[in-house]
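Peer 1: If you want the building blocks of each chain, they are given just below.
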Amino acid sequence: MGEQQDPSPNGIYSKPVSLNIEFSGGLEMLFSNQRSHHIQMPAKGPSKQPVNIGFLVRHLCENLMKDKRKDLFVLEDRIRPGILVLINDADWELEGEEEYLIQDGDTILFVSTLHGG
Amino acid sequence: MPPALPIPASKLCESCLSARALISRPKTHQKLCKPCFLSTFESEIHATIVSTNLFTKGSRIAIGASGGKDSTVLASVLKTLNERYDYGVEFVLLSIDEGIKGYRDDSLETVKRNAIQYGMELVIVSYEELYGWSMDSVVESIGKKGNCTYCGVFRRQALDRGAERLGIHHVVTGHNADDIAETVLMNLLRGDLPRLHRCTSIITSSTSSPIARSKPLKYAYEKEIVLYALHKKLDYFSTECIYSPEAFRGSARTLIKALEKVRPSAILDIVRSGEAFSRMIPSQAQAMSNCARCGYLTSQKLCKACTLLEGLNKNRPKTIVEVEAGIEDEEVSSSLWRGIEAIKLVEEGIAN
Ligand SMILES: [Zn+2]
Ligand SMILES: [Zn+2]
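Going down the list, the protein sequences come from chains A and B.
Note that the numbering used here has the first sequence beginning at 693, numbered continuously upward.
Note that the numbering used here has the second sequence beginning at 2, numbered continuously upward.
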């Protein structure tokens with residue numbers, strides 16, 4: 693801990709984590725119509741803090757979401773109310789919501805409750 | 002593999018105290034494991050059904066099935082409860098084909114699979130066969146603005162007529178607590194007390210229809226319906242109607258979801274407030290007669306569907322304005338649509 697490390701050219705500070713990201717309830721439409729995505733993401737943020745769900749959400753918006761309608765996924769930089777987040781099958785409310793620290797191999801599901809019944 | 006670590010107490014199910022909690026209930030923040038959540042959800046629906054004497058043994062009841070999450074969960078739960086508690090009810094899936102290419106085609110495929118999965122008879126009635134107009138052709142004629150009103154009026158009658166053909170007098174729909182809270186809010190904003198009364202009742206033996214409607218999921222949060230569908234791995238379809246852009250439902254829905262985020266009980270509180278208001282509203286006796294054209298019960302000479310059809314057939318879409326004052330339909334989508342239109346008018350009034 694503590695010692696400086698040269699950032700790699702693309703700004704990644706440590707070895708990446710592999711995650712399974714899933715979208716359901718209509719959100720898949722915002723992510724190339726694909727339900728399941730395997731992604732790699734840096735394990736530490738730019739100031740070397742371990743990455744959390746909040747960081748992941750920004751990462752998804754910037755790197756995975758081709759659709760321009762960002763506000764259907766995030767509102768005021770947070771997950772849009774009405775979208776449920778499940779971390780390894782558990783409601784993210786049980787895991788600290790945005791503050792949950794991402795672990796290698798996590799499965800994170802975003803599901804919209806907003807689509808008609 | 003390392004041996005499984007004991008589950009920390011803070012992550013245990015608060016009901017069985019043995020399994021890991023996966024669900025945080027929106028009403029109570031109670032933490033539940035998957036089996037405890039599924040059985041709690043089912044028992045609450047059962048309690049609603051029993052306390053309101055919703056079903057009679059030996060009856061046939063149609064489930065208005067769209068292939069979406071709410072009606073799919075409704076069908077699944079009713080099948081489970083019917084077997085578990087021996088309701089002695091025969092359920093039939095009743096689907097409406099509005100004739101919207103690329104939307105209804107796919108969701109009807111889902112309903113067809115559901116019929117097999119739940120061992121229920123499926124009946125599909127189309128706008129085309131009932132009215133001579135599909136929604137695609139309606140939109141082609143009048144454009145996208147206002148088409149939800151047509152769709153809502155047509156759908157209500159279509160469910161009734163479908164049920165009538167089957168000799169069924171009771172249709173259950175998947176309206177959930179969030180839907181009802183939304184409608185209560187919109188009716189309050191419009192000052193529409195008669196409709197407020199109707200949208201909160203668990204069952205409406207409506208003046209405009211011999212077919213009773215009921216909403217067994219009226220106290221079930223949308224969040225729990227989605228979680229139930231997910232954890233039970235139910236096969237449902239989720240795409241917004243291509244003719245119903247966010248803007249229509251959007252405002253009320255966004256408001257409800259934002260309220261839920263800060264105070265999860267808000268949704269049920271609004272439903273309960275709606276019920277409390279509704280008890281203060283005297284029921285209005287309305288003179289009803291049969292539609293001169295199709296025989297459907299109506300307070301006017303022609304029923305709403307026939308009035309809209311007359312306009313369509315003469316290619317005079319303006320009829321829509323006169324029809325809106327009618328009292329017959331209470332479909333969530335169309336009443337909401339009017340509510341949001343009304344708000345827009347007010348906003349424009351303020352802006353000008
Ligand atoms: Zn449990
Ligand atoms: Zn008529």
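Calculated directly from the structure, the hints in this document are not laboratory data.
All values reported here derive from a predicted model rather than from experimental measurement.
The reader is advised that the hints may include incorrect statements.
Here are the simulated lysine to aspartate or glutamate pairs, DMTMM-like style, with alpha carbons at most 25 Å apart [what the hints assert, rightly or not]:
1. Lys35/B with Glu789/A
2. Lys145/B with Glu84/B
3. Lys146/B with Asp87/B
4. Lys12/B with Asp798/A
5. Lys315/B with Glu91/B
6. Lys113/B with Asp98/B
7. Lys233/B with Glu714/A
8. Lys145/B with Glu311/B
9. Lys80/B with Asp137/B
10. Lys234/B with Glu720/A
11. Lys234/B with Glu714/A
12. Lys233/B with Asp763/A
13. Lys262/B with Glu15/B
14. Lys12/B with Asp759/A
15. Lys233/B with Glu130/B
16. Lys262/B with Asp107/B
17. Lys233/B with Asp759/A
18. Lys146/B with Asp763/A
19. Lys35/B with Asp769/A
20. Lys80/B with Glu165/B
21. Lys736/A with Asp796/A
22. Lys262/B with Glu787/A
23. Lys35/B with Glu791/A
24. Lys35/B with Glu15/B
25. Lys740/A with Asp763/A
26. Lys315/B with Glu130/B
27. Lys145/B with Asp796/A
28. Lys35/B with Glu714/A
29. Lys233/B with Asp781/A
30. Lys736/A with Asp781/A
31. Lys12/B with Glu43/B
32. Lys12/B with Glu787/A
33. Lys262/B with Asp781/A
34. Lys12/B with Glu785/A
35. Lys12/B with Asp763/A
Peer 1: Could you run down the list of hints and mark each one as holding or not?
Peer 2: Consistency of the hints with the structure:
no.	hint	verdict
1	Lys35/B with Glu789/A	19 Å, holds
2	Lys145/B with Glu84/B	44 Å, violated
3	Lys146/B with Asp87/B	47 Å, violated
4	Lys12/B with Asp798/A	18 Å, holds
5	Lys315/B with Glu91/B	42 Å, violated
6	Lys113/B with Asp98/B	12 Å, holds
7	Lys233/B with Glu714/A	17 Å, holds
8	Lys145/B with Glu311/B	19 Å, holds
9	Lys80/B with Asp137/B	34 Å, violated
10	Lys234/B with Glu720/A	17 Å, holds
11	Lys234/B with Glu714/A	14 Å, holds
12	Lys233/B with Asp763/A	29 Å, violated
13	Lys262/B with Glu15/B	22 Å, holds
14	Lys12/B with Asp759/A	36 Å, violated
15	Lys233/B with Glu130/B	36 Å, violated
16	Lys262/B with Asp107/B	32 Å, violated
17	Lys233/B with Asp759/A	30 Å, violated
18	Lys146/B with Asp763/A	23 Å, holds
19	Lys35/B with Asp769/A	31 Å, violated
20	Lys80/B with Glu165/B	22 Å, holds
21	Lys736/A with Asp796/A	12 Å, holds
22	Lys262/B with Glu787/A	16 Å, holds
23	Lys35/B with Glu791/A	23 Å, holds
24	Lys35/B with Glu15/B	12 Å, holds
25	Lys740/A with Asp763/A	28 Å, violated
26	Lys315/B with Glu130/B	19 Å, holds
27	Lys145/B with Asp796/A	47 Å, violated
28	Lys35/B with Glu714/A	20 Å, holds
29	Lys233/B with Asp781/A	12 Å, holds
30	Lys736/A with Asp781/A	24 Å, holds
31	Lys12/B with Glu43/B	23 Å, holds
32	Lys12/B with Glu787/A	9 Å, holds
33	Lys262/B with Asp781/A	20 Å, holds
34	Lys12/B with Glu785/A	11 Å, holds
35	Lys12/B with Asp763/A	32 Å, violated
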